[in-house]
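Enquirer: Residue-level listing of the chains:
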Amino acid sequence: MNVAVKSIQKILLTMLLALAIGALFILFIGENPLEAYGALLRGAFNGKLKIGTTLASFTPLLLTSCAFAVAAKAGAFNVGVEGEVFLGGITAAYIGINWTFLPAPVLMIVCFLGAMTVAALWALIPAVLKAYYRVSEVCVTILMNSVALYITSYLVSGPMSAGVANAQSLPVTVNLPQFMKPSSVNAGLFIALITVVFMIWVLNKTTFGYKVKTVGTNPSHAEYVGISPKKIFIQSMMLSGALGGMAGCIEVLGVHGYFLNNFAAGLGSNGMLASLIVKNNLIFAPFMSFFLAVLKSGAMGMQQSTGVPKSIVDTITAVFIIVATMELLFQFKDKKNKKEKSK
Amino acid sequence: MDLGKIFSVSLIYATFRSATPIIYAALCAAITQQADILNIGTEGIMLTGAFAAVAVSYLTGSWLLGVVVAMIAGLIMAMIMAVGHIRYKAEICAIGMGINLFALAITKFLLNSALGKSGTFSEPGIIAIPRVSLPFLAKVPFLKEIFDNWCITEWFVIVLIILVWFVFYKTVWGLRLRAVGQFPMAAQTAGINVNSMKYRAIAISGLIGGLAGAHLSLGYSKMFTENMTNARGFMGVAAMYFGGAHPILTAAGCLVFGLTDSIGARLQAYGVPSQLVLLMPYVVTIATLAVSMASKMAREKKKKSALAKA
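Those protein sequences? They're chains W and B, same order as listed.
Note that this note's numbering gives residue 13 to position 13 of the first sequence, counting from 1, and the numbers run on in steps of one.
Note that this note's numbering gives residue 36 to position 36 of the second sequence, counting from 1, and the numbers run on in steps of one.
Simulated from the structure, these hints should not be mistaken for lab results.
No more than 16 Å apart at the CA atoms, straight line, and that leaves these computed lysine to aspartate or glutamate pairs for EDC-like:
#1 W:310 to W:35
#2 B:117 to B:226
#3 W:310 to B:226
#4 B:5 to B:145
#5 W:279 to B:91
#6 W:279 to W:327
#7 B:89 to B:36
#8 B:89 to W:327
#9 W:10 to W:327
Let's have the full structure, built from the sequences with the hints guiding it.
Expert: Right under this line is the structure:
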């Protein structure tokens, strides 16, 4: 428990430091940081629409942060979640538009399955390259994000285009029900929450989860006790891809109702941020996702009511991540304690 | 489709032109790689450099000052990464991605707040890096088309490749750097300060990364756009892997991407959808990377089996 308290402490300290550095930037452009942060909170929580919008941007982050963490547990640095969200989205859109011969509830499930399968197969490419040929998965997944973006962009402006000015597909025939209208928060939120809880269970209580964690912490040991590190690595990458695909499917069926070009920009990287900040801890990741969602959705309100551009929010989260990755930053107190103990 | 029009003499310069920013980025990644540090932050360092170069060139009217400030900006970003990684034991991939996201955000923020623009910054006041015209080539048919009117930083990249190669393989410093990368314990025993070596490698990498950005925004183009590096930093890292951090092989790898890019640009005139053209360099990068790593592994296996027989 002590460990958990300490890591929460560290996260909170990091958060304060990031907000303080953000405040410096705001002072630098001659605005009042407290006012800006106040406007940010109002922008995220003031009224039903705003709370709904915050929850709607929370939904995909839940899944993408979980996706990143699952891959990280097996030792993979999967930056490709964003590409997986795009491909999951386009698959869901394709099935949702064209396979209307299926009854609606079945069609909905097929959309999810299709999105998750395609995204998992997409993640299979870097996984195999890494496992068998030691090609850096960071490099490959980042480049594949661009490929996924261009493929989907081509599809919605060419073969799957709705023929309107914006590059987007036709509307899908099934939708996840939205509650709290007029915001776009939808039943996907619950699907995402259940999925995250399920993933926590899988990683902590099943043999597969144990294997994944063993491979992530010590591949040689895993091999020694008869777990194939390559196989587990690939499986967890595919699982990560499937979660990304699910996020894309929810965005298309729940939020937009069609595939909008470039809709997932930042979803993958913010999920990665949320997961990295809490050291890929699946239980903390949802809270961090929520914090990032608040920042994101409050940013617009802040920009409108104060003169602070919303890009400050990205700056703060980036500072946050840089500070959070520094393992030894807030350990000066520990050192003192240890010295005293040894005396 | 007229193949003669696609594969003409001007393709040679076009290839080199689109490869140059990637070559700079790859050299930036190669230096730290020799010290066994994977410089994922190349992209971010480059983007910061690109912004600093344009902003300073616009505000002061001097491209040289722009380039210098870009290099300093790159250095600062690199040092954040160095301190995080070496002093505070941050995981290099994590802090590298952090640097990239930070660069993306801070350049956007400064573009909005300091320059008052969003998206793109393209003013006539930006002074680009001058191009060199070679009058004595004016009458030589082929060479004129290939070598005339290069940007100064395009000539400089060739100098830099040779310089980096020389430093890596012909100087004591380079030997020490490689020793730190290959076997830090041995290097330490030999009296090399490993951490200081790593700091220096990252610092130089930052300077080159900043220059990469300056070339991208003031030499290759004459503007700044949000996320204008567009994964070129990562292509550089891929090329670095392809060349095994050897500067000359790495640069050769970059030319492959440059070639794809410029062939793609010409194909667009024949009605190939722009998105498919744009994704080609990425696919080629991934494919080359995969093939080169696979063949490297096969070579290593061969070496090992030869050892076992002996």
